[in-house]
Structure formats: C-alpha cells, structure tokens
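Protein chains: 2
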Amino acid sequence: MSGEQELGITESKEHSPGEWYAEVVQKAGLADYAPMGGFIVTRPRGYALWERLQDHLDGWFKETGVDNAYFPMFIPESYLEREKDIVEGFDPEVAWVTHGGHDELEERLAVRPTSESIIAPFMAEWVRSYRDLPLRLNQWCSVVRWEATETKPFFRTKEFLWQEGHTAHATSEDAWEETMTRLGQYERLYEEVMAIPGMTGRKPEHDKFPGADTTTTIEALMPDGKSVQAGTSHHLGTSFAEAFDITFTDEDEEERIAHTTSWGLSWRALGALIMTHSDDQGLVIPPALAPTQVVVVPIWQADTEDEVKEYAAGLAADLDEQFRVELDDRDERNPGFKFNEHELNGIPLRIEIGPNEVEDGEATLVHRPDGESEVADADSIVESVDEALETVYAKLYAAAEENLEENIREAHGRGEILGTIGQHGGYVKTGWCGDEDCETAIKDEIAAEIVMLPLDEDEGPVHDTCGICEEEAVETAYFAKSY
Amino acid sequence: MSGEQELGITESKEHSPGEWYAEVVQKAGLADYAPMGGFIVTRPRGYALWERLQDHLDGWFKETGVDNAYFPMFIPESYLEREKDIVEGFDPEVAWVTHGGHDELEERLAVRPTSESIIAPFMAEWVRSYRDLPLRLNQWCSVVRWEATETKPFFRTKEFLWQEGHTAHATSEDAWEETMTRLGQYERLYEEVMAIPGMTGRKPEHDKFPGADTTTTIEALMPDGKSVQAGTSHHLGTSFAEAFDITFTDEDEEERIAHTTSWGLSWRALGALIMTHSDDQGLVIPPALAPTQVVVVPIWQADTEDEVKEYAAGLAADLDEQFRVELDDRDERNPGFKFNEHELNGIPLRIEIGPNEVEDGEATLVHRPDGESEVADADSIVESVDEALETVYAKLYAAAEENLEENIREAHGRGEILGTIGQHGGYVKTGWCGDEDCETAIKDEIAAEIVMLPLDEDEGPVHDTCGICEEEAVETAYFAKSY
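These protein sequence lines are chains A and B, in that order. Following my numbering, the numbering of the first sequence begins with 1 at its first residue and continues without gaps. Following my numbering, the numbering of the second sequence begins with 484 at its first residue and continues without gaps.
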C-alpha cells in the first residue's frame, strides 16, 4: 500500500483547508509552483479544465455579438497614465520592461495588468458613427499584477490567465445592459457548468475598478466560509471614452461621447471549482468539465480475467460515442490502487465490472462525490450513465447551494457582526450607511469586508439603520472574509 | 463611387508587393499598427483566421498525444543561461523585466522568446521512469523577440502569437519520429487548410535553432519570389536534457538521458496566407478558413424588391446549416459597393440573386479568386455551393502550386546562381560542399541564403560539385531570398 500513501491526500479539508488545497492541486496534477515566487505552471489536467471553461464562455460570447481580438501585451507608460484612476490603481502592481536586448528603452513598457489603456485608443479609431456601435471585443490572454502576497495556485498568482471583454456603446443604458449580460453569463458558467451558485451584486464605491461608474461582481462562497470574487463586469461610464476620445457621430449628426464597459473572468474560477467540490480523497469536478467523465475498471481473478476484461471493454466502447471514457485494465495495479487514483483525479463516475456483473449482464456505477453505488443493466448503460452524471452534477450543486444558504446570516451592531463572522464565516448582511469608515471598523478587527451590495432592493435595506454606526441605512451590505 | 475608392486597394501586388500587403492587412480589417514600433493589434477578422488555424492544428495535436499546458511568460535570467546556445542565440533579442511595482527585482526576468528553458526543468521533475515517456506538451501563447527590423504585420513583429510544442522521449529515434510528425502536421495545415504547397527539409548547421541537433523546416514560396519559413520542428538531441537534467530509469533499471524536441508555428502563417492568395481587389482566403464562406446579395429594382429579397433570404436559410453564410440585403448600399466590399474582405463565394434568378429558380455563383460565375438550380443549391467551395480551394492550391513549380531552378556556378535568383527569385538548387563560406559568398551579393536542404537524397546531390567553390558536393542546397 506504500504507493497509495504517496498518492493520496494527507491534509484535511476541514482542519487545514489551505494545506489541503495546495495538496489537491499538486497531487491531482493541476499545477506546480514556478521558480519565481508568485508564478505557477498549469499542468495538462489543470489546463484541460481551463479549456473547457473557455469553450463554454467563448461560445456564449460569440452568440451574443462579441468578437475575439488580440492587443499587445505591453502598454507604454504614457498610455497607462492617460486615465488617472487606472494609473493610480495599477501603478504599484505593474511589472516594467525597461530593456530590449542590450538597449535601454526610451519609454518603459508595462506588462498589461488589464488592457483598457491599450484598447481604448483603438476603439477611438474604429468608432466613427453610431453604425459602428456597439463595438464588442474580447481577448483571452495572461496579465501580470505584481502583488506581494503568498502564492495560492489559481487564486493568487502574479501572472494569471483570463478573458477581458471591452465594449463601447451609444448610451449609458446600452452599456449597463451589456454589463449585466456579461455578469449573467458568468453566473451561468458558475451555476450550469461549475455547479456553484453565485451571488451577484455590486462593489461599494471605494472598491470599484479604477475609473468605473459601477463594478458588478459575482461572489461564490467557499466551504471554508470565505467569499471568492468570481468575475467582475464594469460599467465604465465615459471615463475611458473621455481619456481616449472615443466619440461618434449620432443619427442626428451630433458628435457624442461613447459609454464603455469591461468585464473579466480569470482562472480564479478554477480555484473556486477545486475548492468547492473536492474532498479528502482529492479532486471532485462536475461532469461537464471532467476530461474523463467515466472510468471502467474490470476486477478479475485469474480464472475470470478474459471474460471480465472483454465485457468491460465492450461496455467502454458502448459509452465511447457519448461520453469521455477511459478503460483502466492495467495489470500492474490492483483495483484499490486504481480506485484511489481515479478519486484523486476527480473522475465523476466509476464503473466496476466483476464476474457477477458479467454473469448478470449488469454494471456497478459509483458516484465520485459520495461513493453511492447503483447497479445498471448493460443493455441500457448509455441512459444509466447519462442519468448518473446528471445526478452527480445535481449532488454537487445541492451541496454548494446548501452551504451558501446556511451561511447567509443577518446581524446588527458591531459586536454581533464581528461575532457572527468570527464564529461561522460566510456572509453577514446588515444595513449600511454607505460610509467606508464603517467597513473599516469591521475590517480592522477581523479582515472581513463588504464583498457585495445587492443590485435590486425594492423593499429597501434589511435594516433601517447602519449595522455599525447606527446612522440611517441606505442599503444592505454583505460582509465576508474574502480570497 | 467615392466610398469605393476609399474602400478599395490602391497598391499593386505585382509592382509594389510590400505596400500592397500592408494595405490589404489594414483595409480588410486584419490588423493595425500599435503605438510601439514592432507591435500590432490583431483585429477580429484577423484573429478569426488565427482561431481557425488553431482549431485545425490543435485538434491534430490532441489526436496524436499532445496535451496543452501553460508555463510562465517570464524566465529568470539564470534559467536562460543554463543552456549556453539558447542564451547566446536569444540574449540580443530578449525584453527584460527589471521592476515589479516600485521595486527593482533581484534577478531580471526575460519575457519568453521561446520556452525551452522554463519547460525543461519541469520535464526533469515529471519524468522519472520510462513509463512517463513520451511526454508531449504544447502551449498557445505569445512570445517576444526584440528584433530591430521594420514591422510587417504577422511576418515581422516583436511580439507574436504561436504554439510551441515540447516533448521528451526515451530514444533519439523516437525524438526524430516526433520531429517529423509535427513537421508533417505543419505541412498538412499549409496544404489542406491554407491551400499552400510547402517544401520540407532541414536547415544548415549554422542556421539551426540554438542547441538543436537538427532543425527541420517547412518553406513556402511567396508570389514575390521570396521564401517564408512557415514552421520549424527541432530534434534537440540531449542538449536540453543535459542542461536541465531530464533523465529516466529505463526498463533495465539503468538511468538514461532523455531526448527532446520542440516545434513551433506562429502567426507568420497568416502572413503567408494573405500574401499568397490575395490580389489587387483585396483578401483572398480558402473556404476552410473564411469566417464568412458565402454571401448572398439580392439585386432588385423597386418593383421586384420584395420577391427578390424573399427569395435570397430563403436561399441563405437553406445554406445556413452547412455553411457560414451572410445575407447582405442592406438598402443603403448598391450592389457594386457590396461586391467590392465582399471582395476586399475575401468572402470565397458570392451568390447574386436578381429577378431573372427568381423567375428561373436559379442562383448565380461567383468565385472570389477569379470572378468566374456559374448558374445553379435553387433546388440543389447546397450541393452546388459545396462543389463551388471545393473548386475555389482547388483553384487557389493550383495557382500556388504552379508558382512553386515554375520557380525551382537549377544553377551551378556563382554567376549563374546570382543571375537566376536575381532575375526570377524563387528557389535555386545547386550542389553544396557544406561550407558556410559558400553560402556567405552568395548572401553578401544578393541577400539570398540556403533556406533548405532536402531530407532524403537517395540519388545524391543534384551536382557532383559545389555550385560555388567547385569542391565536392555533399548535398543539394536550396537558395532563396527569405522573409
């Protein structure tokens, strides 16, 4: 059993979530640490997950009028300085290229931390008339932000992969509709593909994207009680259009300023995915994202080897058209080792075939998330596997949804807010006066902050007064510790 | 007609190929120049071509055992220095990151010019036993090489998009097979997808990839008589394995050194594509790569508008399932303007629908490359369009093949070699003694170089003696001017 110990997860998700997460990422072959602090190497199993997320999101973007493009990875310092909030917001985190070959550059180049400052000037060139609007561009690329924090693969890295969408519109209303369309697509990705319910809202004024009118966010609650900012979509108003002169001639021949948006989702989504569903046996992922959805494991003795292997191979072949299937008939590994390995790697469904299954024309299906097993007829195996994978998705979503629902609590008064977050984690909703100082009062004590403000509050804030200062509340704030 | 002049190509492919190329790239909306010299912005129409190339190549890679991954865009200087040929080969072209935020870095980071030096150390970690081999990784990313030459979109840019494959094998033979597999896939991409015949061979010793045992290349001849290095695949031997300690335990329990390969194809393929097929009306591309394959243009008078538009819309709908179709029924543009615009943008097939076509239940199909038109029955329009697109591909390939075949010439003697290249361009094949000085003698006179040496010369070199120095020839060399 020595191989199994080396293979298996030794840390506990409940008791040491940070170490457990790092172990799952490495042992399931998702990522490794690069020699430079803050950088990771995304291994094939991790990258395959990212490619599937991309496929979904990219398809939805294209269906809704977005074109992919590619802008330079470097931004001249003078361009970065043209929008004052951007330079203030990102200057401390920029990696600078100062030399090309043996020569010092005349102007430093920023490795893009985000691309508004290099995309906006081209939008200004390409947009002439109202007929050119809306203009919707997206690029899949990597960006660099030189944050000096501990590396956490996919959650906190100096270089990360993401998509960044940039659009220009004739009116503020159009830009707002765009902002919400993309936020909705992020929510759909989390819910339908990643089996994670999201909470959508906006960020407080002091936590907006630099230069934005409104930053909307989708937040996902992790099992350790912390919130992940899972994707953001910004209504940029006219700040970038003014800084970069994005104007257009309207139908009435008047020159008008455009309204822009930007929206991004990074490989942090992979972090949220791994963290949410995985367990002390290793990786757990929904079937839609799994590189291998079903593994067929024949279990034989010397006298049954041929018939069991043949039966298992036939079953795998039957499933191959509709699912991503692997047949694991390796001689050199015993079934226990194989089970552990497939659990570690997060294959959603295992099919066990022994002499009994062969005799009865059946197959035993074992669900990865909880080990539940069911017996299916070989004749209708495609339908049974289809249903089992649906069930696996439903179980994952239900567990994540239960975690979210159980961990939204109301609190009022500084002590109660601090106590509730301290004891349970999760979200604490309270009335808020809108003053950053009231957030700071909580943040200084317990490192929790306002992660989200609901977008629609037809019935007004949850409390009449601010949960911290007791002045009049203008809205509801969701406090949480955050990744 | 004033709009048409602004829209159309004004330069001549034959007389000013450089200016013509730049004009096609910009007016067909493929790319723009970035504010920093040497960088370009790839616009949606250009990027869509790249995405289709990617789809084909990536699919073939995956079918043949390659996994995608992602490695950091930065390489510490000390890693770059570990393989001496790499550092010598790329040091003059590296863009250096020296600062992160407000702090100077302890060690400079190279923006990757190619990734052997950051991938090899991880291969060394992941490869333990012969069971881990072959290891085949690929990444789609951008790289930076600080060359101080004039920018030519897709051909010569400081940052470019590419894929780089990196593999490790147990034996030199396996590595050689891998090298040739990838070269074959590049050739297939050029021929089947891009409609460009390629010439495969290897580079002379003095022009190999730094550290490589053998650099193989696929060369494509452009209409202006210059050769494009269209993709390269390197047998790296054990140089990187030795520098980064990629070893494995073989079946006999012996520790052995691995043999590695790397292979890359960049967006230069887009340059070759545009340059090869396009003409004085604008972009020409094969149907497999065209974002829009067929445009349906109704042509009406006031009294026929409804029936012509309806008929055209019905036809477009019939084609929509199998092809990428656009219906251009804009009122504000006349047919002539539309034809010019679709020709500029390279839509392979135009379908014209006027009252006559409606009356006869027909459609007029016009091939982009040569304006040839044919009449098809509306009843069998799907089959007719399918055939027409096949014909368009065949025409493009035939023209490129003819250009290639007509421009491979034999020459012997310095004067004859120089004269032949000077007069005709294209490839000149001659016997070669293997000495770089003989290449230099030609290069200094006319900027032509040895672009390729054939891989199999069962019948020996084309001449018994070197075409330049008259010593004994050891192989055949193909001289050409090169992009």
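Please note: incorrect hints may appear among the correct ones.
Residues of chain A placed beyond 10 Å of chain B at every Cβ, according to the derived structure [to be verified]:
hint : residue
1    : THR42
2    : GLY89
3    : THR98
4    : GLU125
5    : LYS158
6    : THR171
7    : VAL375
8    : GLY415
9    : GLY425
Listed next, with one range per pair, are the computed distances between beta-carbon atoms [unchecked claim]:
hint : chain 1 : residue 1 : chain 2 : residue 2 : range
10   : B       : GLY548    : A       : LEU7      : 17 to 25 Å
11   : A       : THR64     : B       : GLY917    : 57 to 65 Å
12   : B       : ARG535    : A       : GLU401    : 46 to 54 Å
13   : A       : GLU81     : B       : ARG535    : 48 to 56 Å
Source of the hints: derived by calculation from the structure; they are not laboratory data. Backbone N, C-alpha and C fix where the C-beta goes; we use that ideal spot for every residue, glycine too.
Okay, the hints, checked on the actual structure:
With a least beta-carbon separation of about 4 Å from chain B, THR42 (chain A) fails to lie farther than 10 Å from that chain, contradicting its non-interface assignment. For GLY89 (chain A), the requirement that its beta carbon stay farther than 10 Å from each beta carbon of chain B is met, with the minimum near 12 Å. The non-interface label for THR98 (chain A) is inconsistent with chain B: the shortest C-beta to C-beta separation is roughly 5 Å, within 10 Å. Remark: the non-interface label on GLU125 (chain A) conflicts with the geometry, its nearest Cβ contact in chain B lying 7 Å away (cut-off 10 Å).
A beta-carbon of chain B is positioned within 10 Å of the beta-carbon of LYS158 (chain A); the least distance is around 8 Å. Under the 10 Å C-beta cut-off, the non-interface status given to THR171 (chain A) relative to chain B holds; the minimum distance is some 22 Å. Consistency note on VAL375 (chain A): stated as away from chain B, and its beta-carbon is indeed over 10 Å from all of that chain's, at 34 Å minimum. For GLY415 (chain A), the condition that its CB be more than 10 Å from all CB atoms of chain B holds, with the nearest at approximately 38 Å.
No Cβ of chain B approaches the Cβ of GLY425 (chain A) within 10 Å, the least distance being about 31 Å, so the stated non-interface status holds. Our hint of 17 to 25 Å for GLY548 (chain B) and LEU7 (chain A) holds, since their Cβ atoms are close to 24 Å apart. Roughly 59 Å separates the CB atoms of THR64 (chain A) and GLY917 (chain B), a value that falls within the hinted 57 to 65 Å. The given range of 46 to 54 Å is broken by ARG535 (chain B) and GLU401 (chain A), whose C-beta atoms sit roughly 40 Å from each other.
In this structure the hint that GLU81 (chain A) and ARG535 (chain B) lie 48 to 56 Å apart at CB is violated, the actual value being about 38 Å.
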